[in-house]
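Please take these sequences and the hints and turn them into a complete structure.
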Amino acid sequence: MNTLLEIKDLHVHFPIKSGVLQKTTGQVKALNGIDLNVKKGEILGIVGESGCGKSTLARSIVGLQKPTSGDILFEGNTYTDASAKELYELRRNMQMVFQDPYTSLNPRMKVSESIAAPLKAYKKTKNLESRVKELMELVGLNPDDHYNRLPHEFSGGQRQRIGIARAIALEPQLIVCDEPVSALDVSVQAQVINLFQDLQKKLDLTYVFIAHDLSVINHIADRVAVMYLGKVMERSNRDSFQTHAQHPYTNALLSAVPLPDPDKERARERIVLKGELPSPANPPSGCVFHTRCPKATEFCKTNIPVPEERGVPGQEVACFYPVGTEEKARITL
Amino acid sequence: MLEVNNLHVHLDTPAGLVKAVDGVSFRLEAGQTIGIVGESGSGKSVLAHSLTKLNPEPPATYPKGEILFEGENILTMDKKRLRNLRGKEIAMIFQDPMSSLNPVFKIGRQLMEAIQTHQKFSKKEAHQKAIELLIDVGISDPERRMQDYPHQFSGGMRQRVLIAIALAARPKLLIADEPTTALDVTIQAQIIELLKSIQKKYGTSIIMITHDLGVVANLADRILVMYAGKIVESGSTADIFYKTAMPYTWSLLRSIPRLDAGGTERLLHIEGHPPNLIHPPKGCNFHPRCPFARDACLQTDPPLSEHGTNHSAACILSKPEFDKEKQAVAERKGVLLS
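As you go down the protein sequences, you meet chains Z and S in turn. Be aware that the first sequence starts at 1, since it is given in the working numbering, and climbs by one per residue. Be aware that the second sequence starts at 1, since it is given in the working numbering, and climbs by one per residue.
It is worth saying that the hints were derived from the structure and are not from the lab. Computed from a predicted model, the values in this text were never measured in an experiment. Glycine included, C-beta positions come from ideal geometry on N, C-alpha and C. Hints are not guaranteed to be accurate.
[Unchecked claim] Here are the simulated lysine-lysine pairs, DSS-like style, with alpha carbons at most 27 Å apart:
(1) Lys-326(S) / Lys-264(Z)
(2) Lys-126(Z) / Lys-202(Z)
(3) Lys-129(S) / Lys-274(Z)
(4) Lys-196(S) / Lys-264(Z)
[Claimed, not checked] A few chain S positions that, by computed beta-carbon distances, are all more than 12 Å from chain Z:
(5) Phe-69
(6) Gln-128
(7) Glu-132
(8) Lys-172
(9) Tyr-202
[To be verified] If you anchor each label on the Cβ, the simulated ranges turn out as follows:
(10) Asn-37(Z) / Tyr-202(S): 46 to 56 Å
(11) Lys-23(Z) / Asp-141(S): 24 to 34 Å
(12) Lys-17(Z) / Lys-106(S): 25 to 35 Å
(13) Asp-148(S) / Asp-9(Z): 36 to 46 Å
As structure tokens, then:
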């Protein structure tokens, strides 16, 4: 498989300004050296708690956020310093689906207008109406009934469908989905997840799928990256993500997710992490996870681990003391 | 300890009358945890607020039913008794820990106020008691943290403070309305463990309202599943998960992605979206979305009926009929049944 997107040592820092003169007094390191690549046709899942930088990563990928340093390449071409015109060309191939289906649609634009907007922006106005209707059918909306309606007439799930229709309108190669199902009701969430999977097969799409819900990521992603405080802690394939997770943080996350199964839920051992997420303005020294890690030693406070393969093929973990198989077996799911 | 009989709560909105709670009955024993599960708009929060009559009136009215707390009807209590009951005997914690605390007062003051409202304590005693409570809910360095304002606490810490305030008068019943929904999973796990340890220590009964089936699987002894203002299935946690008798519960359980599953199998999806309660569907509320629905479902609104010991479901299908059809439904939907 060819690499579609490559992220190399990406940093995004936001200045903290204070005082009357708005002097810069610090940096929030939202992304602090991210390396990732996305192959054509796969779904890369990115998971992490709030404040880990996953949304900043999504915004950087689609060019909405300029990186402080590092590089992002799409089909081998860098675009971190791209002009508006170059970004315009790029976005034909790269679209985004947002979290909140209520604020990501213009309340005064009819559904058909929202879906047609990207087509108009790229002057693909030939047979506009039939193309919009085709897109509506693809995402499970009724083109005859829904064509002229306004967003407020739709439920959350249907609005997310409109957002998806808009994102696939230009037949992009890559879609960046930032928490696309987390605002939806449980019974509606499955509809949208199934739709994402169906469209991927039908249209040969590649997704960067961001979510805080590990169950959703485990369900949809081919490969998973776990983020913590602006860094990638572990990268793994779906097959090994849950069963062979090596990073203590990944294991803590996995063990924290409540399972809809009372027997398993009561039998399992839970790793309860101490404390809270440190501030990204003042991240801990050494390994950023050491303040909450049950396995941390003095060594972790001063040395920064780099992601490397440690016995599980295709899985890279940034930890000096990865969780071994025996230890993992005790944290049964 | 708590007995709710045929409770109806209506909300009179400009758009029409919403039957937010439509004939709900259940019982809660001392020391027990009940989970109330439902999606947004199912009426679970209105039900929870009714238990201490906290729904704003208007728009809320209570046309029918009773809520007996230790034999006393909460709906007909006078204001003074009700005020004394809230916080002292029944306490509540809410989803959003930021808006439940007053941003301009220090944590210590808010906590001491809760203590002194219900118990005759001097300032010094209340201070000491506040420190004990903060230790109970796992806040380190409580003496210093009492001098902090809510904004200096993280979301998980604020929820701990609210639990401390709720526990101030040692209530017999704690109602938790989506207490972990706004929190990250690792923090959610901490709060769930905290609630369990408190229950063990003080024998508090808990009513846990949530949309997350995983949370109740861990915490609840019994589960009530709500849909469109009604309880559609109630039973022990094991019955609800392993002997599901109602199509909505069954579909819901199969529509959520599971971490312990391989991940590749397709999710069963429920068509459509939860109904509008101003114009609810005719017959069974779930029939427009129900993969098992038949003509009779349009005519009758099935009441809760027994499917086993202390296990009831609101469906016209008998358990054998339902079991027989599951396979066919799963095949039609393209999902595998484990």
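May I ask which of the numbered hints given earlier this structure violates, with the numbers listed in increasing order? none
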